[in-house]
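Enquirer: Chains as they are written, first to last, in the working numbering: chain F, 294 to 627; chain V, 294 to 627; chain R, 14 to 224; chain S, 14 to 224.
The set of hints was computed from the structure by calculation and includes no laboratory data.
Backbone N, C-alpha and C fix where the C-beta goes; we use that ideal spot for every residue, glycine too.
A few of these clues could be false.
Claimed, not checked - When the alpha-carbon atoms are kept at most 30 Å apart in a straight line, the in silico DSSO-like pairs for lysine-lysine are as follows: (1) F:495 x R:174; (2) F:295 x V:575; (3) F:575 x V:321; (4) F:321 x F:333; (5) V:623 x F:321; (6) F:333 x V:578; (7) F:583 x V:623; (8) V:495 x S:59; (9) F:333 x V:575; (10) V:626 x F:333; (11) F:295 x V:495; (12) F:623 x V:321; (13) F:626 x V:623; (14) F:626 x V:626.
Unchecked claim - Covered stretches of chain F (in silico footprint by chain R; criterion: 3 or more residues with CB under 8 Å from a CB of chain R, positions within the stretch not fixed): (15) 371 to 378; (16) 401 to 412; (17) 480 to 494; (18) 512 to 522.
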Amino acid sequence: MKKIIDAVDTIVDQALDGMVVAYPEYLKRVEGTMVLARHKPKESGKVGLVSGGGSGHEPAHGGYVGYGMLDAAVAGEVFTSPTPDQVYAGIRAADRGAGVLLVVKNYTGDVMNFDIARELADADGIVTEVVLVNDDVAVQDSLYTTGRRGIAGTVFVHKIAGAAAEEGADLSSVKAVADAVVANLASMGCALTSCTVPANGKPTFELGENEIEMGIGIHGEPGIERVPMMSASELTASLYHRLVAELSLGDGERVAAMVNSMGATPAIELAIMSGHLANLTKRSKLSLEKVLMGEFMTSLEMAGASLTLLRLDQERSTLLNAACDTPALKVVKH
Amino acid sequence: MKKIIDAVDTIVDQALDGMVVAYPEYLKRVEGTMVLARHKPKESGKVGLVSGGGSGHEPAHGGYVGYGMLDAAVAGEVFTSPTPDQVYAGIRAADRGAGVLLVVKNYTGDVMNFDIARELADADGIVTEVVLVNDDVAVQDSLYTTGRRGIAGTVFVHKIAGAAAEEGADLSSVKAVADAVVANLASMGCALTSCTVPANGKPTFELGENEIEMGIGIHGEPGIERVPMMSASELTASLYHRLVAELSLGDGERVAAMVNSMGATPAIELAIMSGHLANLTKRSKLSLEKVLMGEFMTSLEMAGASLTLLRLDQERSTLLNAACDTPALKVVKH
Amino acid sequence: MDQVAFRQLWRRFAELVHANKTALNELDAAIGDADHGSNMDRGLGKVVEALDAGPEGSLRADAKLVGMTLMSTVGGASGALWGSGMLKFSIALPDATVVEWSGFIDALDTFVEALSKRGQAVVGDKTMMDVLLPAMTELRASAEAQESGEEIVVALAEHAKGWSDATRELMARRGRAAYLGERSIGHVDPGSVSTALWFQALADTVRAQVP
Amino acid sequence: MDQVAFRQLWRRFAELVHANKTALNELDAAIGDADHGSNMDRGLGKVVEALDAGPEGSLRADAKLVGMTLMSTVGGASGALWGSGMLKFSIALPDATVVEWSGFIDALDTFVEALSKRGQAVVGDKTMMDVLLPAMTELRASAEAQESGEEIVVALAEHAKGWSDATRELMARRGRAAYLGERSIGHVDPGSVSTALWFQALADTVRAQVP
Ligand SMILES: Nc1ncnc2c1ncn2[C@@H]1O[C@H](COP(=O)(O)OP(=O)(O)O)[C@@H](O)[C@H]1O
Ligand SMILES: Nc1ncnc2c1ncn2[C@@H]1O[C@H](COP(=O)(O)OP(=O)(O)O)[C@@H](O)[C@H]1O
Ligand SMILES: [Mg+2]
Ligand SMILES: [Mg+2]
Ligand SMILES: [Mg+2]
Ligand SMILES: [Mg+2]
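This is chain F alone, in the form it adopts within the complex (with noise of 0.2 Å):
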């Protein structure tokens, strides 16, 4: 294992040190916790978003705070979910008195310490609601099991959750907004190559020169099914073909994408699958409003990548249009 860093144990620590070192005009860090708040808390009176998780997705999730996305994310250890009093320190600083939405992606782990961390703030008088962001179709959806994961389309509940809180909607319609996200909403992803997780030294899993992990989660963990290497061509499109499925989406509808990396993956190959994605949508008669190419969610240096799409309405394209300046995110207004 070759990163650049000091000692495992330290990691998070420093990295959250370091995310404010880069960007003292957007954040700050809470003292004494793994949270990240905003620098400039949004005014009283507003519905308050935190999002956390284990660490090595990043940008996510501190790289998302900001105006018109999250007030507070919460950092575990690396693809650990954060324990229930720094998921609670972040509700604090995230609360402006009109109560705070959790935004959780369905891992066992993250679901239940946030839940802990919501009974304390229940004891503490903080009402607070939860989004769950099952977004990853790879995974099937059955209530006999936990259900699906979340991946990287909780950016999209991020952003357009966000929004809703920053123009002043209260916590249930800002719960109600993320959770028609999160309805219409699917991920999958697919690794070229594993990733070492820090505590552990070594890769994960072993890919052989010419397979490829379908399906595979955010943390490294193996996926649905190995396959043999195709073409960004062939790869945009089973990815594709599969979202579209899943959401039945139909001529004519609005829809907006997100081409992810899970890290190592270059831009240049990002932009080669969003222009098969370009030409999918347009084939399938979709309108594809708004693209998100880029590092969202990562797993840290694992190659390969994510497609995400999201049904739009109106109400869902007004809000990820809207105005929003994080570290990681940025909507300028012309």
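Given the structure of chain F, go ahead and fit chains V, R and S with the ligands onto it with the hints provided.
Expert: Relative to chain F, chains V, R and S with the ligands alone:
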């Protein structure tokens, strides 16, 4: 070689189209060329800015086309400088009647191809100037050779010269401010892994599990020396002290910095480096006014990072902080 | 069980997990995210530190310290479960330095119930509950049969190991491994292994106490 | 040299570069950026296409087509040099379908001079000039000695290979390899190898023409 591509010889062409898919409000492709230009050209009477070079350095250079930075970016094949006819097309796209400044990284191929393009522009009555960026202090600056290379620091030239041009400075003033950036700029990088040039199909060099290559360029070229792997703290310090010495930075001076990923190195490691950087500047009593952290000038999927320091004066500081709005770099005014 | 034994139990558990950290990570790598060993090891290291520094209060205070420490240092699914479960466990313990064997079993029952409620897993879901639930049944039965504490826990440690091994054949329905569906079959659940190590620690502790 | 031979020369050069593409990339990987073979191969493929499609005009027109094509398809240092040099070469050729051997040598001289001016490299800088400059000297001398064209170019191809090999011992002072300083010693310069292949193509062409 596992990459998300369709064919080796269509990579750049497809990627340019994909950039327009992702950033339609920012970019258009000049028909029949490898040039990305502003979707909405700047007002006539202002100096145009053109940069370019081989592909594989994304977001450089197409990602820097937009308000306050470049007017056009010219893409060559992966790691191969663009041909004169393409550079010339970029010059024409950027020309708004007040002349065009070419930002050229100091590589023989780039210098010669941009020079030939200037001869073509000259014949056409378009006035051009060149700024040669040579920030890589790993390489000896010698009159008897080609001198130093241009690497990540180039982005500071785009930003600062772009702001001057946007403000309406004339060609010689824009060139002067760009030259002043170069004179106060120093960068150095290191590689933890090699990258694979697609046309070549295998890594350009091999590095052992405990080795790191210091002083690499941005084309997968071998570096200056191979050393044993070190900690983030040691690595940042070793790059930093080299830059401070080269720029003879002393007590109380103002600097901006860039902590740049070569591609595969995740943001979390850059953040750790940024933390060390802040401590180092504090110790040397420099005033660290701005840190650009992220992927600014990459080498495909290479793991590694580069550090850049720029000495600031009031003019450079103001121009660096001026508003800009491009796909890869946005300065939002609050 | 007295306070010395209780603290010794956690020290022993920490030792066993530390020795098996890499193995636990590797099990988790196969069907999860490769961190279960690191998570438990990080938390138990802190538990030992906390107990070493903690005042000699009561068993309840010790168990609360264990719960709070696990809750705030382990993270992940196992941290939420062990942490919140141990807090419930502490409430069920007396505010004294000794507890009868039956009182200890009752408290453990509270612990397991809390985990069932929090995690919603049942036997066969391929989680730590595949060890905890049958272990409770066996503890209750053997206690009613008036067997000695030592005999009970030594046998239980053996059985726990077996229940953990048996998760290999299961398809996961809870936790991160559930996303793998059929691909989860053929791998032992890491949480069940660390839980079996806790019963091992319990056996080792009780055995060491009986001269 | 007539137009048929001139076109054949470029076809042969394209063949030789194509066959050596990987080797040229590998040489460039050692002291540059691993693209010299790809660059030349891409451009020469286009040159062959262009010549095949080009009208049977004059040598000058053909050479101009070669220059324009190389200029707009090779890229990098070699593209700028070969492209702009061939444009100068074309101007020095007659607007006819045949050129005397001496006229061909004069045109080549213009080519080499253009490269010297553009690239500023001298003998010993570890570039293609380490082949081109001595080759010109030898061509001039042998032409003055009235040797036959075939003898000259066959010998020259041999020598060019030798001059190229000799770049191995040099420290680069021009081009991308110069950044390596002392580390550039011990590797042959890729541009000198492709240039030697051009002289090989010239020899092969002339030999094929003389029955
Ligand atoms: N719902 C659940 N109920 C009980 N135990 C669970 C549940 N979900 C997961 N586990 C246990 O947690 C273990 C994983 O813990 P760990 O790897 O530390 O957390 P994470 O899965 O969040 O990475 C699993 O092996 C399993 O035994
Ligand atoms: N200044 C120069 N003068 C003459 N030849 C040069 C000069 N610089 C580079 N070259 C030649 O160009 C070759 C490299 O070409 P190529 O790899 O295609 O371009 P690049 O170096 O831009 O990647 C070198 O091997 C060398 O022979
Ligand atoms: Mg985990
Ligand atoms: Mg090149
Ligand atoms: Mg785990
Ligand atoms: Mg080269």
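Enquirer: Given the proposed pairing of residue 295 of chain F with residue 575 of chain V, does the C-alpha separation stay at or below 30 Å?
Expert: It holds: about 28 Å lies between the C-alpha atoms, which stays within 30 Å.
Enquirer: Within 30 Å, alpha carbon to alpha carbon, are residue 495 of chain F and residue 174 of chain R?
Expert: holds (27 Å)
Enquirer: Would the hint linking residue 626 of chain F and residue 626 of chain V be met if the CA-CA limit is 30 Å?
Expert: Cα-Cα ~11 Å, so holds.
Enquirer: With the threshold set at 30 Å, check whether the alpha-carbon distance from residue 583 of chain F to residue 623 of chain V stays at or below it.
Expert: With a Cα-Cα distance of about 18 Å, the restraint between residue 583 of chain F and residue 623 of chain V holds, given a limit of 30 Å.
Enquirer: Residue 495 of chain V and residue 59 of chain S: Cα distance at most 30 Å?
Expert: With Cα atoms ~25 Å apart, residue 495 of chain V and residue 59 of chain S stay inside 30 Å; holds.
Enquirer: Please verify whether residue 333 of chain F and residue 578 of chain V have alpha carbons no more than 30 Å apart.
Expert: This hinted pair holds, its Cα atoms lying about 28 Å apart.
Enquirer: Does the structure keep residue 321 of chain F and residue 333 of chain F at a Cα separation of 30 Å or less?
Expert: holds (9 Å)
Enquirer: Just to be careful, I want the Cα atoms of residue 626 of chain F and residue 623 of chain V compared with a cutoff of 30 Å; is the pair within it?
Expert: holds (12 Å)
Enquirer: Between residue 295 of chain F and residue 495 of chain V, does the CA-CA distance stay at or below 30 Å?
Expert: holds (20 Å)
Enquirer: Has the given pair, residue 333 of chain F with residue 575 of chain V, been kept, meaning a C-alpha gap of at most 30 Å?
Expert: With a Cα-Cα distance of about 25 Å, the restraint between residue 333 of chain F and residue 575 of chain V holds, given a limit of 30 Å.
Enquirer: Would you mind confirming whether the straight-line C-alpha gap from residue 623 of chain V to residue 321 of chain F stays at or under 30 Å?
Expert: holds (20 Å)
Enquirer: Quick one, are residue 575 of chain F and residue 321 of chain V close enough, alpha carbons at most 30 Å?
Expert: Holds: residue 575 of chain F and residue 321 of chain V sit about 19 Å apart, inside 30 Å.
When held up to the earlier numbered hints, the structure conflicts with none and fits them all.
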